[in-house]
Amino acid sequence: MIPAPFEYVRAESVDHAVALLGEHGEDAKLVAGGHSLLPLMRLRLARPSVLVDVDRLDDLAYVREAGDQIEIGATTRMAEVAASEVLATHNPLVAHAAGHVGDPQVRHRGTFGGSVAHGDPASDPPTVLLALDAQMVVRGPAGERTVAARDFFKGLFETDLGPQDVLTAVRVPKLSTGTGWSYQKFHRRAIDWAIVGVAAVVERSNGSVARAAIGLTNMGLMPMRAEGVEAALAGAAAEPGALAAAAGHAPEGTSPPSDTNGSAEYRRELSKVLVRRALEEALAR
Amino acid sequence: MHVSVTVNGTRREADVEPRTLLVYFLRETLGLTGTNVGCDTSTCGACTVHVDGQSVKSCTMLAAQADGREVTTIEGMASDGELHPLQRAFHEHHGLQCGYCTPGMIMASDSLIREAGHPLAEEEVRIGLEGNLCRCTGYQNIVKAVVAASQEMHGAPASA
Ligand SMILES: Cc1cc2nc3c(=O)[nH]c(=O)nc-3n(C[C@H](O)[C@H](O)[C@H](O)COP(=O)(O)OP(=O)(O)OC[C@H]3O[C@@H](n4cnc5c(N)ncnc54)[C@H](O)[C@@H]3O)c2cc1C
Ligand code: FES
Ligand code: FES
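Residue numbers (the working numbering), protein chains in the order written: chain A, 222 to 506; chain B, 116 to 275.
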């Protein structure tokens, strides 16, 4: 299938992209790798009248250290995030999750920033960023601002990005050596999206859990934190019984979808199992 | 809009509608029908080509986004009448039946083998080809063909 007609303009810089979005109004949309947007346009579920292409803003394609954080430029391809040495050393969770997005072809084109900006609750990177308390760097008509992951994902395909905003980078913390992590992506076929996904970041001290952050994929209209699990884990013993008991809180406050891959009820049960597996794996690392 | 794309080593220029997908630019504008379209959902991989050396699904990229870049299709794999090692391996190991998925399989495999930098194990091939579907073969012989070609391409001794 072929998208409806549109006008195409290539942005030469971030500021140029912001200006082009302003010039063309509400019906203009950014396109980067196009792996979320073009499938929707082919099905005519999206019909922007103007596409502003940021795919070639190569100065936004990087992964680098920035003090006690790692900064990932918005147009960095998923494959580059997955293969990043900097992330392998300082935050393997992000690289691992990026390496499990789609298939190799998708990872060659899809950008990290595009995944974040799209705001799809079934996507893997947003959940990981939420669990890591990442920060999004956004450039708009009023200049640059930084938005915490908690305030960024607002609803189904809805983020804090305004119609003239460009996401330029994402910042994640460097994980300390005592911090364990896991991303559990449950799906039936390799290429599929997560039926449910769970990101876990666990800080331990002397055989107990000092602090845990748990993110959930595809358990509601946006990526979510499993706050019930986090509260139950604070100070808990790092042993199977306590972990399983905490994992039982996973579905609290969620509103998972029902579809051909599973009912909402199935997803609620699955989330408990995956949280337990994520905690066990994180603590074993 | 005007695009200029180097396809299989030759610079090709054309005026296209912005909404033209790369796969239709290749098939319809340039007449290179080796690249197939097998789905509407970016899942089957039949349309896989290389853009600047990397495998991509040409049904999910605009021709406009390939402007100024180098594209290789299945038509560009053989050189001087010699089949590419992957093409030969698919032939020798019966890696195809109807052949519809084959161009995409070969383009995805070539990118995978070059990126790995070493001969691939069976499991690596299975994971690496997760974005390519075949409705005929049951995959066994495709995997055998790609493992064999990866050994040849990285100069490893052929195993039985
Ligand atoms: C077959 C297939 C399988 C997939 N499987 C998975 C999976 O398992 N897990 C997963 O998480 N994802 C999956 N994806 C989605 C893929 O990861 C995303 O499509 C991709 O990363 C999004 O990036 P993009 O560059 O393609 O975005 P685009 O499609 O170009 O853009 C997506 C949206 O973000 C906006 N946008 C893009 N860049 C910016 C920016 N810099 N600033 C502001 N807004 C911006 C666009 O306007 C658009 O609304 C899959 C996709 C396909 C086609
Ligand atoms: S036609 Fe491109 S993935 Fe199926
Ligand atoms: S050989 Fe027929 S689809 Fe693969």
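Fair warning: there could be bad hints in the mix.
Claimed, not checked - Derived pair list, reagent style SDA-like, types lysine to any residue, alpha-carbon separation capped at 20 Å:
| id | chain 1 | residue 1 | chain 2 | residue 2 |
| --- | --- | --- | --- | --- |
| 1 | A | K250 | B | R134 |
| 2 | A | K250 | B | Y215 |
| 3 | B | K259 | B | H199 |
| 4 | A | K395 | A | K375 |
| 5 | A | K250 | A | K375 |
| 6 | A | K493 | A | P461 |
| 7 | B | K259 | B | Y215 |
| 8 | A | K250 | B | K259 |
| 9 | A | K250 | B | P133 |
| 10 | A | K375 | A | L396 |
| 11 | B | K259 | B | R229 |
Unchecked claim - Residues of chain B clear of chain A, computed beta-carbon distances all greater than 12 Å:
| id | residue |
| --- | --- |
| 12 | T121 |
| 13 | G191 |
| 14 | H209 |
| 15 | Q212 |
| 16 | Y215 |
Simulated from the structure, these hints should not be mistaken for laboratory data.
No residue lacks a Cβ here, since even glycine has one placed at the ideal position from N, Cα and C.
Quick rundown of the hints versus the structure:
| no. | hint | in the structure |
| --- | --- | --- |
| 1 | A/K250 - B/R134 | 14 Å, holds |
| 2 | A/K250 - B/Y215 | 35 Å, violated |
| 3 | B/K259 - B/H199 | 16 Å, holds |
| 4 | A/K395 - A/K375 | 26 Å, violated |
| 5 | A/K250 - A/K375 | 19 Å, holds |
| 6 | A/K493 - A/P461 | 13 Å, holds |
| 7 | B/K259 - B/Y215 | 18 Å, holds |
| 8 | A/K250 - B/K259 | 44 Å, violated |
| 9 | A/K250 - B/P133 | 14 Å, holds |
| 10 | A/K375 - A/L396 | 26 Å, violated |
| 11 | B/K259 - B/R229 | 17 Å, holds |
| 12 | T121 | 16 Å, holds |
| 13 | G191 | 17 Å, holds |
| 14 | H209 | 23 Å, holds |
| 15 | Q212 | 21 Å, holds |
| 16 | Y215 | 17 Å, holds |
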